[in-house]
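Chains as they are written, first to last, in the numbering used here: chain Y, 1 to 596; chain D, 597 to 755.
Each hint should be verified, as a subset may be incorrect.
Unchecked claim - Computed footprint of chain D on chain Y; a stretch qualifies when at least three of its residues, placed anywhere within it, have a C-beta under 8 Å from a C-beta of chain D:
| no. | stretch |
| --- | --- |
| 1 | 190-200 |
| 2 | 274-285 |
| 3 | 429-436 |
Claimed, not checked - Pairs of lysine-lysine, DSBU-like flavour, derived with a Cα cap of 30 Å:
| no. | chain 1 | residue 1 | chain 2 | residue 2 |
| --- | --- | --- | --- | --- |
| 4 | Y | K580 | D | K611 |
| 5 | D | K700 | Y | K536 |
| 6 | D | K646 | Y | K542 |
| 7 | D | K646 | D | K698 |
| 8 | Y | K478 | Y | K568 |
| 9 | D | K754 | Y | K254 |
| 10 | Y | K473 | D | K611 |
| 11 | Y | K568 | Y | K528 |
| 12 | D | K646 | Y | K476 |
| 13 | D | K678 | Y | K72 |
| 14 | Y | K529 | D | K611 |
| 15 | Y | K45 | D | K678 |
| 16 | Y | K536 | D | K704 |
| 17 | D | K715 | Y | K542 |
| 18 | Y | K577 | D | K672 |
| 19 | Y | K518 | Y | K547 |
| 20 | D | K611 | Y | K360 |
| 21 | Y | K72 | D | K608 |
| 22 | D | K700 | Y | K595 |
| 23 | Y | K547 | Y | K495 |
| 24 | Y | K456 | D | K672 |
| 25 | D | K704 | Y | K310 |
| 26 | Y | K45 | D | K754 |
| 27 | Y | K528 | D | K698 |
| 28 | Y | K456 | D | K646 |
| 29 | Y | K476 | D | K698 |
Said to hold, decoys possible - With the C-beta cut set under 7 Å, the calculated list includes, among others, these residues of chain Y facing chain D:
| no. | residue |
| --- | --- |
| 30 | Y3 |
| 31 | A22 |
| 32 | A53 |
| 33 | N156 |
| 34 | A237 |
| 35 | I293 |
| 36 | E294 |
| 37 | G295 |
| 38 | K360 |
| 39 | T362 |
Quick caveat, the hints were computed from the structure, so don't treat them as lab data.
Idealized CB from N, CA, C, for every residue including glycine.
What follows is the residue order along each chain.
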Amino acid sequence: MQYYRSHVLVCAGTGCTSSGSAVLFDEFEQRLKDAGIENEVKIVKTGCFGLCAEGPIVVVYPEGAMYCRVTKEDVQEIVLEHLVKGRIVNRLLEKPTEVVEKTDAQESDFFKKQMRVALRNCGRINPENIDEYIAYDGYAALGKVVTEMTPEDVINVMLDSGIRGRGGAGFPTGRKWDFARKSVSDKKYVCCNADEGDPGAFMDRSILEGDPHVVLEAMAIAGYAIGSDQGYIYVRAEYPIAVERLQIAINQAKEYGLLGKNIFGTDFSFDIELRLGAGAFVCGEETALMTSIEGHRGEPRPRPPFPAVKGLFQKPTILNNVETYANVPQILLNGADWFKGIGSERSRGTKVFAVGGKIKNTGLVEIPMGTPLRDIIYDIGGGIPNGKKFKAAQTGGPSGGCIPASLIDTPIEYDTLIEIGSMMGSGGLIVMDEDTCMVDIAKFFLAFTVEESCGKCPPCRIGTKRMYDILDKITKGKGELKDIDDLYELAEAIKTSALCGLGQTAPNPVLSTLRYFKDEYIAHVVDKKCPAGVCKDLLQYKIVAEKCKGCSLCARKCPANCIHGEVKSPFVIDNSKCLKCGACMESCKFGAIIKE
Amino acid sequence: MGNNCECCNDEKLAKLQAIIAESKDQQGSLIHVLHEAQLIYGYLPIEVQKVIAEGMNIPLAEVYGVVTFYAQFSLKPKGEYKISICLGTACYVKGADLVLDKFKEQLKIEVGDCTEDGKFSLDACRCIGACGLAPVLTVNSDVYGRLVPEDVPGILAKY
Numbered sequence: 001m002q003y004y005r006s007h008v009l010v011c012a013g014t015g016c017t018s019s020g021s022a023v024l025f026d027e028f029e030q031r032l033k034d035a036g037i038e039n040e041v042k043i044v045k046t047g048c049f050g051l052c053a054e055g056p057i058v059v060v061y062p063e064g065a066m067y068c069r070v071t072k073e074d075v076q077e078i079v080l081e082h083l084v085k086g087r088i089v090n091r092l093l094e095k096p097t098e099v100v101e102k103t104d105a106q107e108s109d110f111f112k113k114q115m116r117v118a119l120r121n122c123g124r125i126n127p128e129n130i131d132e133y134i135a136y137d138g139y140a141a142l143g144k145v146v147t148e149m150t151p152e153d154v155i156n157v158m159l160d161s162g163i164r165g166r167g168g169a170g171f172p173t174g175r176k177w178d179f180a181r182k183s184v185s186d187k188k189y190v191c192c193n194a195d196e197g198d199p200g201a202f203m204d205r206s207i208l209e210g211d212p213h214v215v216l217e218a219m220a221i222a223g224y225a226i227g228s229d230q231g232y233i234y235v236r237a238e239y240p241i242a243v244e245r246l247q248i249a250i251n252q253a254k255e256y257g258l259l260g261k262n263i264f265g266t267d268f269s270f271d272i273e274l275r276l277g278a279g280a281f282v283c284g285e286e287t288a289l290m291t292s293i294e295g296h297r298g299e300p301r302p303r304p305p306f307p308a309v310k311g312l313f314q315k316p317t318i319l320n321n322v323e324t325y326a327n328v329p330q331i332l333l334n335g336a337d338w339f340k341g342i343g344s345e346r347s348r349g350t351k352v353f354a355v356g357g358k359i360k361n362t363g364l365v366e367i368p369m370g371t372p373l374r375d376i377i378y379d380i381g382g383g384i385p386n387g388k389k390f391k392a393a394q395t396g397g398p399s400g401g402c403i404p405a406s407l408i409d410t411p412i413e414y415d416t417l418i419e420i421g422s423m424m425g426s427g428g429l430i431v432m433d434e435d436t437c438m439v440d441i442a443k444f445f446l447a448f449t450v451e452e453s454c455g456k457c458p459p460c461r462i463g464t465k466r467m468y469d470i471l472d473k474i475t476k477g478k479g480e481l482k483d484i485d486d487l488y489e490l491a492e493a494i495k496t497s498a499l500c501g502l503g504q505t506a507p508n509p510v511l512s513t514l515r516y517f518k519d520e521y522i523a524h525v526v527d528k529k530c531p532a533g534v535c536k537d538l539l540q541y542k543i544v545a546e547k548c549k550g551c552s553l554c555a556r557k558c559p560a561n562c563i564h565g566e567v568k569s570p571f572v573i574d575n576s577k578c579l580k581c582g583a584c585m586e587s588c589k590f591g592a593i594i595k596e
Numbered sequence: 597m598g599n600n601c602e603c604c605n606d607e608k609l610a611k612l613q614a615i616i617a618e619s620k621d622q623q624g625s626l627i628h629v630l631h632e633a634q635l636i637y638g639y640l641p642i643e644v645q646k647v648i649a650e651g652m653n654i655p656l657a658e659v660y661g662v663v664t665f666y667a668q669f670s671l672k673p674k675g676e677y678k679i680s681i682c683l684g685t686a687c688y689v690k691g692a693d694l695v696l697d698k699f700k701e702q703l704k705i706e707v708g709d710c711t712e713d714g715k716f717s718l719d720a721c722r723c724i725g726a727c728g729l730a731p732v733l734t735v736n737s738d739v740y741g742r743l744v745p746e747d748v749p750g751i752l753a754k755y
């Protein structure tokens with residue numbers, strides 16, 4: 001086996017690929033050859049490190065130096081300085097530091113409070129090489145399960161670990177498996193929900209791209225536990241890199257005999273097929289997903305019967321999401337007690353969050369459950385940029401709600417989040433600052449559900465549209481106080497009568513913003529003002545006479561020609577003609593134009 | 597339909613027939629076939645749907661029902677360069693709507709439409725999972741991130 005003195009890990013996840021990591025790989029190859037050290041240094045394409053905001057990211061081991069925003073031009077410097085001369089290129093580090101010992105990325109603020117279980121291999125192995133996965137205990141859990149454990153043993157470990165589904169609702173995974181195990185049928189199916197549709201959540205994509213084998217291994221374990229020989233992964237067609245790597249992984253696992261007939265020489269057989277989604281959010285709902293795998297319109301079905309009894313092709317089926325599966329091999333290798341030792345009483349283990357929006361370090365973070373929101377936003381996330389104030393964090397996507405600044409010390413757990421009117425969801429965490437209008441955000445999410453509602457049941461099809469219309473009216477300054485009562489009434493009706501999870505949770509963004517930001521709704525309705533200055537129809541641009549020097553620049557920039565005045569005396573905006581484009585405010589050199 | 601209709605292109609039709617032949621006996625393969633057909637033709641006109649319905653022995657109404665259910669399938673031709681702006685939450689709070697408005701203004705088309713010369717089409721899409729770079733857009737497979745409306749003319753000029 002070939003030994004290398006250094007490894008260069010280039011992130012090949014979607015985030016870094018989008019910021020140009022693919023050219024880096026070729027450039028490293030070329031520059032290493034030029035320097036004559038191509039046999040001493042190995043370049044590896046790896047999965048997501050999590051710090052997508054600073055991408056493309058390159059990590060050089062054994063030092064663990066994490067280089068950020070690396071450009072093609074930087075590659076030569078890394079090769080000559082770091083790899084040839086052994087001097088770390090300080091200017092490209094995540095945080096430049098004088099002390100070389102502290103350049104290990106794991107020591108930085110971004111990683112210190114994190115704990116990587118589901119993401120353990122992301123950014124560590126080459127996802128397109130099964131040997132690297134095996135070298136980090138890959139397929140060891142499957143081997144142990146099929147040769148040393150009975151299916152009941154497996155289910156008992158899962159039950160005992162207390163793991164709950166990472167896809168949204170938080171149903172105990174062990175119980176789901178137990179139900180399916182007990183259903184009697186000639187055929188059963190194991191499905192993986194990789195139809196990550198929540199806007200702002202991309203942890204599943206990163207696991208699929210960075211560690212695809214972990215999902216295959218876990219599905220095979222689930223197959224053994226419930227007595228199934230066939231798995232399906234339903235993956236979004238919008239994730240081409242994930243689809244490609246999954247297919248490579250399936251082919252490699254079959255070649256190694258880790259999928260297929262007689263796995264590990266036992267009589268257990270298991271196969272996995274990929275099915276591509278086609279851009280329908282509702283297909284993340286379990287019964288809709290199964291209908292879609294069957295090749296139909298992805299409309300949900302009433303439950304019961306639950307999928308554990310009648311699921312895919314009318315056979316008993318379990319469906320777990322990608323992140324849930326990513327925990328399974330670790331639980332079986334290290335035992336239920338190990339897993340119970342992480343997190344909090346009612347929420348065991350870790351959770352991955354995709355942190356985005358108005359925050360410095362956007363990217364993926366994995367934290368033990370029970371970590372306060374404050375730690376995620378300030379210690380890991382680096383706080384809010386541009387000196388703005390933290391206003392709220394949104395979790396759970398279109399099904400979730402907002403956590404206001406006053407509750408920033410809430411521990412992140414399934415139950416605490418529900419108590420405060422939000423939910424864990426699949427793990428999108430969007431940070432909002434004082435410039436975000438909460439009525440506008442509620443409208444944004446309702447627009448999403450209106451468009452994604454499959455139309456099968458009237459409460460969702462008609463009710464969400466009505467809620468959207470009311471919100472639209474409010475943001476346009478035509479709202480009245482009765483509208484707020486109507487929103488409550490509609491929300492209650494939809495929650496209790498919609499067919500599936502999409503409809504039942506659709507009013508949540510409205511209810512939670514009404515709960516914590518009712519004053520903003522009132523400001524829109526009564527004062528006809530948008531306090532955050534977002535809703536265009538309620539905005540007025542004004543020139544502060546004392547500050548205006550009368551330079552006429554704004555008048556010349558105004559596309560509607562609605563700013564008038566005499567040079568060297570204050571100008572005035574004619575609000576009846578104003579388009580509210582903001583060009584005047586941008587152009588003013590004296591800060592004399594305000595919006596209110 | 598005129599004689600220069602895309603669907604009567606024999607080479608494309610042969611490709612589609614081959615895909616239908618290898619998939620028709622697999623359980624639930626309609627969506628897979630539609631994906632492949634869209635790759636071949638760029639969109640799914642009714643003529644192509646008819647070929648699929650006949651080939652797979654599925655009622656045309658059902659094929660049409662599936663095509664119109666999923667956002668990825670299009671009944672209209674797309675431009676040579678497909679511009680897709682992410683309107684996921686992370687992109688939205690970072691001003692993706694302003695970028696979209698700029699494209700509408702520059703291309704003089706609405707979302708879902710194609711420019712008259714067939715060069716650009718404009719779509720708003722769901723989260724593509726590059727939230728770290730928000731706001732983002734794709735032009736075919738090129739991804740542009742950390743956008744502001746002023747970037748729009750420069751991006752269009754590249755094509």
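Supplied contact hint for Y3 (chain Y), tested at 7 Å Cβ to chain D: violated (34 Å)
Chain D contact restraint on A53 (chain Y) - CB to CB distance below 7 Å: Where the cut-off is 7 Å and the nearest Cβ of chain D is about 5 Å from A53 (chain Y), the hint holds.
For the pair we were handed, K45 (chain Y) and K754 (chain D), check the Cα-Cα distance against 30 Å. Given pair K45 (chain Y), K754 (chain D) holds - Cα atoms ~29 Å apart, limit 30 Å.
K646 (chain D) and K698 (chain D): Cα distance at most 30 Å? violated (38 Å)
Stated coverage of the stretch 429-436 of chain Y by chain D [criterion: 3+ residues, CB within 8 Å]: Held - the stretch 429-436 of chain Y has 3 residues with a Cβ nearer than 8 Å to chain D, which meets the minimum of three.
Agreement of K646 (chain D) and K542 (chain Y) with the hint, judged by alpha carbon distance not exceeding 30 Å: Violated, at about 59 Å.
Are three or more residues of the stretch 274-285 of chain Y within 8 Å, CB to CB, of chain D? holds (count 7)
CA of K646 (chain D) to CA of K476 (chain Y), is that 30 Å or under? violated (45 Å)
Satisfaction of hint between K611 (chain D) and K580 (chain Y), Cα-Cα up to 30 Å: violated (52 Å)
Given pair status - K528 (chain Y), K568 (chain Y), alpha carbons within 30 Å: violated (33 Å)
Mind checking the alpha carbons of K611 (chain D) and K360 (chain Y) for me, to see if they're no more than 30 Å apart? Violated, at roughly 49 Å.
If you look at each residue in the stretch 190-200 of chain Y, do at least three have a Cβ nearer than 8 Å to any Cβ of chain D? holds (count 5)
Violated hints, listed in ascending order, are 4, 6, 7, 8, 9, 10, 11, 12, 14, 17, 18, 19, 20, 21, 23, 25, 30, 31, 33 and 38; each of the other numbered hints is respected by the structure.
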